[in-house]
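Q: Listed below are the residues making up each chain.
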Amino acid sequence: MKLVIAIIKPFKLDEVREALSGIGVTGITATEVKGFGRQKGHTELYRGAEYVVDFLPKIKLEIAVNDNLVDQTIETILSSASTSKIGDGKIFVLDIHEAIRVRTGEKGPEAL
Amino acid sequence: MEALEGKVIELAYALDTFYFLVMGAFVMWMAAGFTMLESGLVRAKNTAEILTKNISLYSISVIMYMIVGYNLMYPGGGTGVIPELSFFLGADNTAEAVIASGGDVYYSSISDHFFQVVFVATACSIISGAVAERMKLWPFLLFCVVMTSVIYPVQGYWKWGGGFLDEAGFSDFAGSGVVHLCGAVAALAGVLVLGSRKGKYTDGKVNAMPGANLPLATLGTFILWLGWFGFNGGSELIISNVAEANAVSMVFVNTNLAAAGGVMGALLLSKVMFGKSDLTMALNGAIGGLVSITAEPLAPTPGLALIIGAIGGLLVVMSIVMLDKMRIDDPVGAISAHGTCGIWGLLAVTLTGGSLGAQIYGASMIILWTFITSVIVWYIIKMFFGLRVTEEEEQDGVDISECGLEAYPEFSKATGIKPSVYPEQ
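Protein chains in written order, with this note's numbering: chain A, 1073 to 1184; chain B, 2 to 426.
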């Protein structure tokens, strides 16, 4: 089981979600985050005082999938989240040590 | 015939009293305006406290002005400098006395109290914005008690109560000086004694601390704009004949134009100076324009009122920038909108026939009295009760330390990922 973490641009959320449903992903967690990589921030002005906004709004997706779905998941995110411009985001893949469904107590791949 | 004449006098009395009450209610609504404007311009973690401050200061103003403030400002007697002291409101006019006066007594004296009390509340609420985000709540309210019972009434007596400034020919129709300049000077004194917000000025940089709710700030400004029709319109004090009805109409129109001029002046200057159209500057511009016309909203032509307001808008922007350069931290621009434009409003009276000497004299007396007494009171409060919250309380937000609750509990708090100053690379 793997946890796929994807940082994407916020307006791409619907597109990514629909695409992932299409390949059989059954659950996603989305969080509103702020971050930056190579995409620099921009300057804002408030009552004459200039300030740089380093951190830009992003959406972080966490998707737990079985090993056989990992590559497809990554491919799907890449194609639906990309705008070919700086700031599109990143994907990380982590190992899941254990997964449990709260309602039934099921463990392992059945829980996903 | 006599009975009919009596009826007409009574009717005029009722109309003018009604006018006072309704205009007073409009000015009361300005309390909501200030509350919304200030709560929109402070950060989320400090919002509940400023809301609490605003509704309490209004209440304190109402209470203290009834107990002693009104009587100090409009005393039975006095030396011209020191008003005669008395407490609580007297009885109102009887119908017989009104008719016997032939119409000279033309409004309820209790309605006059109501109209005046909402003005002192306005002066107090100017202070609350300037000291926002780092002052303790109850010490601030304690200052309001003194402001509404002594500081404001004494200088108000000097002009509107028939004191020495009135006799010197000082002109202030609705209170650019008596209300707005007075409030702004008390605010300035408070800010100087209090100090700036932590992190506002670092290594020669002015750091932005953006307000949490600009729609509220804009709504507040519109509410103030509406309330100002009562502020200036009601200050004509009478409407029940053709000449006065026309005068009131002109006051409404000039007030409206001055606000509009203030908005556009501030917005244009913001665009020119910063390259961006800063909404918060436009909002302050509206207030600045309104304050600028408040000393004389009747005499100018509509065109001149527009210009007076527009100059107010320009002054507000420049004053805000200058105060920041001087490390005087005013989160909502109150000192600039009410103080700088208050002075301009008093001087602008000379454009329609006022005496420059008298205007400067009046402005100076108000500034001196208010500043000295305020500094003393702020210092005494600081000595006995402390003025400022601790650094940690300021960091976590005064909502928690002073009110024990949050204004937006369901929205995740700013975690520290805030606009930051980018060091030069």
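Think of the hints as simulated: they come from the structure by calculation, not from any bench. Just so it is clear, CB atoms sit at the ideal spot from N, CA and C, and this is done for glycine as well. It is possible that part of the hints are untrue.
[Claimed, not checked] Partial chain B-side listing against chain A, Cβ under 8 Å, derived: (1) Asp204; (2) Ser278; (3) Asp279; (4) Met282.
[Said to hold, decoys possible] From chain B, some residues computed to sit far from chain A (all C-beta separations above 10 Å): (5) Met210; (6) Phe275; (7) Ser402.
Q: Give a verdict on every hint.
A: Hint by hint, here is what the structure shows:
Because the closest C-beta pair between aspartate 204 (chain B) and chain A is about 13 Å apart, greater than 8 Å, the hint is violated. Taken as an interface hint, serine 278 (chain B) does not check out: its beta carbon lies about 10 Å from the nearest beta carbon of chain A, beyond 8 Å. For aspartate 279 (chain B), the suggested interface contact is upheld, since its CB lies about 6 Å from the closest CB of chain A, less than 8 Å. The restraint placing methionine 282 (chain B) at the interface with chain A holds, with a minimum CB-CB distance near 7 Å, inside the 8 Å limit.
Not every C-beta of chain A lies more than 10 Å from that of methionine 210 (chain B), the closest at about 8 Å, which undercuts listing it as non-interface. In this structure phenylalanine 275 (chain B) is not separated from chain A by more than 10 Å, as the shortest Cβ-Cβ distance comes to only about 5 Å. Every beta carbon of chain A lies more than 10 Å from that of serine 402 (chain B), the smallest distance being close to 25 Å; the non-interface claim holds.
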